[in-house]
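Number of protein chains: 2
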Amino acid sequence: MKFIDSTLNEVDASVKLSEKAFQGYKTIDAKKRAAFLRAIADEIEALGNELVTTAMRETNLPEGRIIGERGRTTSQCRMYANLIEEGSWVEARIDTALPDRLPLPKPDIRKMLVPLGPVVVFGAANFPLAYSTAGGDTISALAAGCTVIVKAHPAHPETSALVAGAIENARIKEDIPANVFIHLYGADFQVGKALVEHSLVKAVGFTGSFAGGKALFDLANKRPTPIPVFAEMSSINPVVLLPNTLASDAENWAQKLASSLTLNIGQFCTSPGLLIGIKDEHLDKFIAGLTKAIEDVLPGDMLHSGISSNYSRKAAQTLSQPSVTKLSKPEQELVSQQGTPILASVPASEFLKNPRLEEEVFGPFALMVECRDKDQMVSVIDYLQGQLTATLIGNADELIHNKDVINLISQKAGRLIVNGVPTGVEVCPSMNHGGPFPASSDSRFTSVGIDAIKRFVRPLAFQNFPQSLLPKELQDENPLGIWRLFNNEWRK
Amino acid sequence: MKFIDSTLNEVDASVKLSEKAFQGYKTIDAKKRAAFLRAIADEIEALGNELVTTAMRETNLPEGRIIGERGRTTSQCRMYANLIEEGSWVEARIDTALPDRLPLPKPDIRKMLVPLGPVVVFGAANFPLAYSTAGGDTISALAAGCTVIVKAHPAHPETSALVAGAIENARIKEDIPANVFIHLYGADFQVGKALVEHSLVKAVGFTGSFAGGKALFDLANKRPTPIPVFAEMSSINPVVLLPNTLASDAENWAQKLASSLTLNIGQFCTSPGLLIGIKDEHLDKFIAGLTKAIEDVLPGDMLHSGISSNYSRKAAQTLSQPSVTKLSKPEQELVSQQGTPILASVPASEFLKNPRLEEEVFGPFALMVECRDKDQMVSVIDYLQGQLTATLIGNADELIHNKDVINLISQKAGRLIVNGVPTGVEVCPSMNHGGPFPASSDSRFTSVGIDAIKRFVRPLAFQNFPQSLLPKELQDENPLGIWRLFNNEWRK
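Going down the list, the protein sequences come from chains A and B. Once you know that position 59 of the first sequence is 59 in this note's numbering, the rest is easy, because the numbers rise by one and skip nothing. Once you know that position 313 of the second sequence is 313 in this note's numbering, the rest is easy, because the numbers rise by one and skip nothing.
Same shape as in the complex, but just chain A (with noise of 0.2 Å):
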């Protein structure tokens, strides 16, 4: 199959129907915006094992795996669904009027969420169905009441072509406005700065590259009227080793990073790549158990051809930074078109002034960072940028005794995990998957659970309105009966 970039003129027609469209789709009851991401839902599964076959052989990921991803998708779909129902996230705060107020009377005022417009969503490369076409930036987009327009990623154009063409069948079924959901090409970087740089586009989603991200979030802030980008971008994931916990179980910890680390190559934002200990017998224990571990693993297809040319060209930059030495088959020469699990080595002294070894290299890579004591190891996460994620091994006991450690890392990271691993994230209402840049580009916002909606809406207040004027969220019987913040009491 062909796929041929949109022209700079079909952009500016996408931008302008989807911007049409949003007229009448942000006026659509929730319920039957709620009816559109089911059937969504349905579709996908509809498409039964013609999507898992294209996904696994666009993506090299396998079966089990791509299952997994389609589950988590729908499921996705579904949790907006249930949300705009229930309807309270629009965070409806009603203060009336007291006319009778000195020395001015007090009007009628009422506030409520509402979407912001078209929103343009670059896909994720490494999540084909869950972070692409119709997957959490699209769905809570469409969920808040703005249209979408999605570059489908050119690593896998007949998955995003698939997925469209479910989201367009939905649309047709639950009687949803043309144009809500728009469906692009554009391998060139030209479509994708074309459609952040049109006037009409309010918001956009990006998965990806620190690279791609950055470089979205830059043409975004030098419009004429700047809008947000919300950008997952780079992060290394640091796992910090508390010295007692090695003591008594450091092959448990060895075998457990080494599977997330090595899961699906290693082609995950979430993957560990910076683990950080103090240098003693258990450390060296620990570390053995690693590299045996992770030596145990067979290198594998990475999802496409630029993804593993840069995992090798990173991974080789990384190992020969000065001090940083390859643990794991030192002998072995990088195969450029697959991902072989690697796990180097740096002293701390040398990691806190070479900045090239904080670079993601996205794929199985670890890099073990050994301090001297303490302090040295307070000094390495000081000097950390943001994270998704932060990791703490550590027994109860000495948990408690590093407080100063967790306060440290909690301000650099947006989800912080305790003896568990980074990878697997929970799809669920406490959820937070972005964090202090470089990580996202907006710390404030998370691009994964619920309260991902909240990136595509803003705050719409409505003085002395009639009642009949006002959305159904906002009047005084609350016909859809959603908890509102009523005169400074909460009430449902």
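The set of hints was computed from the structure by calculation and includes no laboratory data. Keep in mind that the hints are not guaranteed to be accurate.
Identical chains blur together in the list; that is why a pair holds if it fits in one copy or across any two.
To be verified - Straight line, CA to CA, 30 Å or less: simulated BS3-like cross-link-like pairs of lysine-lysine:
id: 1; residue 1: 454; residue 2: 26
id: 2; residue 1: 222; residue 2: 454
id: 3; residue 1: 292; residue 2: 106
id: 4; residue 1: 26; residue 2: 374
id: 5; residue 1: 412; residue 2: 214
id: 6; residue 1: 20; residue 2: 374
id: 7; residue 1: 214; residue 2: 16
Add chain B to chain A, keeping to what the hints say.
For chain B alone, kept in the frame of chain A given last:
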């Protein structure tokens, strides 16, 4: 009194002290933070008449206004104190573990909002108390658990110093760590620039001109680690006059809008600077009434010479544009030290082709845009940039028949008013003070009301954390008794 700009070394030292103070302040109980905010209110009140006379002298604002603004300032302190004492604002979400879930166990995850770090605040010239040193930005940031560095507004340094002293007294009385609040002077842009560019600063609050806000926004986005800037900048606050209501009530609305426009010499960011009506005999009557009412208002001294000279310059610029007619006292010369109320008019066809006519003239200036018919009125609304407010004047019947107009204008503003005036920003939960760019740099946040605290926080998730290491807000027993989304259900 003489106020000396901070040197760049002093800026650096101040930010470092602020960051150090943040490490302590962020862990302080909300109750203690609330006591601090209440003490700030008490100490501001304790300044007594000296604060009032100083502010009057520095701003030319009348006594009643300053006393009212002081009340607003202290009530904001107490409002945020109540908010954080109650505690539910942190958006706690708890999802408990499902260890037996297949194919993978579900971990325990909990999430809440946490403070960003040191915040830099630039106060507004036109609100020397409520939007300045202890204004909404400072107090909401302190409430969130951030430390604050205020750059005193150069137009009211003595007022700022008095208020800073009150904050310092409150800090000492409530035993809050030193440097939680730092007060600097910087008439030169270099001081503000150095603050916004400092790597340890995590967010910026600003109220002022478009040029000033946009410059800070650009600086913040060009940092190696970009940070959010909440700049409340430029708005002409369109008022749409529907024809039938003018037929019966032209004189009444002329009086009300004249009062709103000339209140405190028009020095409000919500001043109604653009009037939009359909040309007919009733609009003519309204214009005649408004002209007369405006001519009856005496000119007055503006906040400072910079603002009055800008007013004269910008008013003259607008009046010199093609087809613009000065309606109020057409023969009168502009007096450079004073703000003379001015009404001008322009045909819609001309307004639609001259972007200069959409620039804010900060002061008592309004431009009446006369439309041929409703279609042209819709074109004018569609053409507008983002605004803080948009107002609709119309009777019940014509409002219902102009839902398309309301729908369109709702996309342009942060607050919609029906049959009222835009000036008068209530401090209450439903207030939204902010709007699409260029009204503010981030339409997703308000700078007034309880939700303003959301600007200075980000979500942080805790996975698999032992109870003893969790913040109180997320502990099983809910020791603070706050509302939480617990396994997808609201509980207290």
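Against the structure, the hints:
1. In this assembly of identical chains, residue 454 and residue 26 lie within 30 Å of each other by CA distance both inside one copy and across copies; the values are 15 Å within and 25 Å between.
2. When the C-alpha separation of residue 222 and residue 454 is checked against a cutoff of 30 Å, the pair qualifies both within a copy, at 23 Å, and between copies, at 25 Å.
3. Only between protomers do residue 292 and residue 106 lie at most 30 Å apart by alpha-carbon distance; the minimum there is 28 Å, versus 71 Å within a single protomer.
4. Within a single copy, residue 26 and residue 374 get their C-alpha atoms only as close as 54 Å, which misses the 30 Å cut-off; across copies the closest is 23 Å, which meets it.
5. Proximity of residue 412 to residue 214 under the C-alpha cut-off of 30 Å is found in both arrangements, the shortest distances being 19 Å within a copy and 28 Å between copies.
6. Only between protomers do residue 20 and residue 374 lie at most 30 Å apart by alpha-carbon distance; the minimum there is 20 Å, versus 59 Å within a single protomer.
7. For the homomeric pair residue 214 and residue 16, the shortest alpha-carbon distances inside one copy (26 Å) and between copies (27 Å) are both at most 30 Å.
In summary, this structure violates none of the numbered hints.
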